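Colleague: Chain by chain, the residues:
2 protein chains.
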Amino acid sequence: MDRLSLNQITTKAWSLPEAVAGCAEAGVRWIGLWRDKVAETGVEEAARLLKEYDVGVSSLCRGGFFTGVTPEGSPVDGVAQTRQAIDEAAALGADVLVLVVGGVNGSLKSSRQRVADAVGELAPYAGERGVRLGLEPLHPMQCAERSVLSTVDEALTIALEHPADQVGVIVDEFHVWWDPRIEESIAAATGRIAGFHVCDQKVPLTDTLLGRALPGDGPIDHRHLKACVEAAGYTGPIEVEVFDADLWRRPGGEVLAETIQAYRDHVS
Amino acid sequence: MDRLSLNQITTKAWSLPEAVAGCAEAGVRWIGLWRDKVAETGVEEAARLLKEYDVGVSSLCRGGFFTGVTPEGSPVDGVAQTRQAIDEAAALGADVLVLVVGGVNGSLKSSRQRVADAVGELAPYAGERGVRLGLEPLHPMQCAERSVLSTVDEALTIALEHPADQVGVIVDEFHVWWDPRIEESIAAATGRIAGFHVCDQKVPLTDTLLGRALPGDGPIDHRHLKACVEAAGYTGPIEVEVFDADLWRRPGGEVLAETIQAYRDHVS
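The listed protein sequences correspond, in order, to chains A and B. Just so we're aligned: 158 in UniProt numbering is position 158 of the first sequence, and the numbers increase by one with no gaps anywhere. Just so we're aligned: 49 in UniProt numbering is position 49 of the second sequence, and the numbers increase by one with no gaps anywhere.
Because the hints were derived from the structure by calculation, they are not lab data. Warning: the hint list may mix true and false statements.
Copies of the same chain look alike in the list, so a pair counts if it fits in one copy or across any two.
Said to hold, decoys possible - List time: in silico DSS-like cross-link candidates among lysine-lysine, alpha-carbon distance up to 27 Å:
hint, residue 1, residue 2
1, K109, K37
2, K226, K109
3, K202, K109
Bear in mind that the values here come from a model prediction, so they are computed numbers and not experimental data.
All chains should be built: construct the whole structure from the sequences, respecting the hints.
Modeller: Okay, structure coming up:
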């Protein structure tokens with residue numbers, strides 16, 4: 001239980017104050033924050049609540065969109081927005097800022113180059129503020145719209161160009177469980193893993209964004225992947241991060257209780 | 001135009017006789033057949049029509065499901081069914097039988113081993129009948145239900161255990177375009193490519209099965225991938241294979257005309 005972190009998207013019905021208090025009450029020591037929820041409460045008040053309830057921030061989600069376009073197709077200055085997100089992460093005491101790097105804009109190759117360039121521009125800025133950038137490869141079904149980084153290997157290649165305390169990779173099971181190279185990719189990322197996110201995949205998979213479930217209801221071998229990231233030196237918080245419309249409709253307290261049970265039964 | 005092949009799923013409204021006649025009329029020399037359409041017409045009659053209209057079979061779709069379960073979750077003897085499919089391919093004069101290997105049943109690792117074992121069992125049988133097995137990696141979003149082979153690399157690893165005339169790999173753009181290793185994977189598959197299927201991906205991608213479009217309407221660089229497979233020695237038919245509910249509702253002749261135009265504009 002010491003390592004369990006509630007990624008607050010899982011309990012979407014809860015505000016940030018409710019989620020922080022809910023974690024404290026349930027004995028969950030970590031929380032993964034989202035910027036829209038932080039904005040509702042305000043950064044200072046959020047930081048105060050985290051301190052009051054003694055809940056640590058495993059990560060802040062998210063910066064990125066370096067290819068210059070949102071998933072909806074609008075232009076965006078991802079570098080500028082990510083600078084703000086780095087400042088916010090520092091103010092919240094979050095060690096890690098999760099990056100969703102952005103989808104295809106122009107060619108796939110040039111999109112990937114823009115991502116590498118943006119990380120190069122931002123890494124020192126993050127390092128100065130004590131925030132580690134967490135490059136999160138997303139599932140290939142989200143390549144066109146959200147992330148031209150699809151594998152741990154590919155994220156690691158970019159991370160390795162920078163100091164380990166400035167850039168790491170996030171291993172999110174939903175995005176990478178299918179990868180035939182996942183074991184060797186995680187091993188290659190020793191010392192570079194900045195986060196481990198768990199959930200399951202719904203079967204059949206009918207939704208490209210909301211096809212997640214609590215651990216235990218799908219094809220992912222959580223203990224195997226947990227052993228892989230631990231062998232690669234990662235002993236930090238483990239976020240349970242579930243995008244699921246049914247869970248989102250339910251009270252946060254109920255969802256957190258089930259999250260804790262699923263974590264005990266299938267992950268820890 | 002010499003290399004264009006109509007995968008008949010693209011013109012789903014057409015029966016096999018309509019599709020074969022339609023190809024001949026439009027000057028399309030190749031067709032990719034599906035077993036359900038062949039069954040409606042009968043193998044002998046289908047073979048007769050192909051000869052009469054002088055249309056070659058670029059591939060027969062499909063054998064596989066070696067992990068013992070259908071996408072709907074029913075038990076299936078994939079090896080026995082694939083033997084029948086190999087016989088059918090031989091009777092139709094199809095050089096290649098496309099394999100969709102099956103989804104996760106038990107662990108991912110054991111599922112992949114079952115696939116490798118099944119290919120080992122079937123390769124000599126196929127070789128004796130002049131049919132090449134085409135291992136088709138499917139998009140990772142179809143890993144749980146349809147194919148534990150997700151990358152060209154992984155399919156190639158299995159193919160290389162057998163003679164090149166018995167087992168090859170199918171490169172279908174929709175499934176592999178996002179792969180950061182696709183160029184080197186295709187290069188490694190020199191002499192092993194048994195088919196090249198083109199289409200585009202819809203953006204946003206909202207359906208895991210029907211998210212395809214005619215070439216030109218998505219993020220895939222067809223001429224780049226075509227150059228890659230050609231550099232790897234593949235000079236055979238190029239199938240346009242589109243699963244799209246809107247296309248399927250329209251008359252086959254219209255769809256084929258658009259297919260030819262899209263192929264000319266974006267592929268050839």
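Colleague: Each of the hints needs a verdict: does it hold here or not?
Modeller: Results of checking the hints against the structure:
In this homomeric assembly, K109 and K37 never come within 27 Å of each other (Cα to Cα): the closest approach is 34 Å inside a single copy and 39 Å across copies. In the homo-oligomer, the alpha carbons of K226 and K109 lie at most 27 Å apart only across protomers (16 Å), although the nearest pairing inside one protomer, at 32 Å, exceeds that limit. In this assembly of identical chains, K202 and K109 lie within 27 Å of each other by CA distance solely across copies; the values are 19 Å between and 31 Å within a copy.
Figure legend: structure checked against the earlier numbered hints; the only hint not met is number 1.
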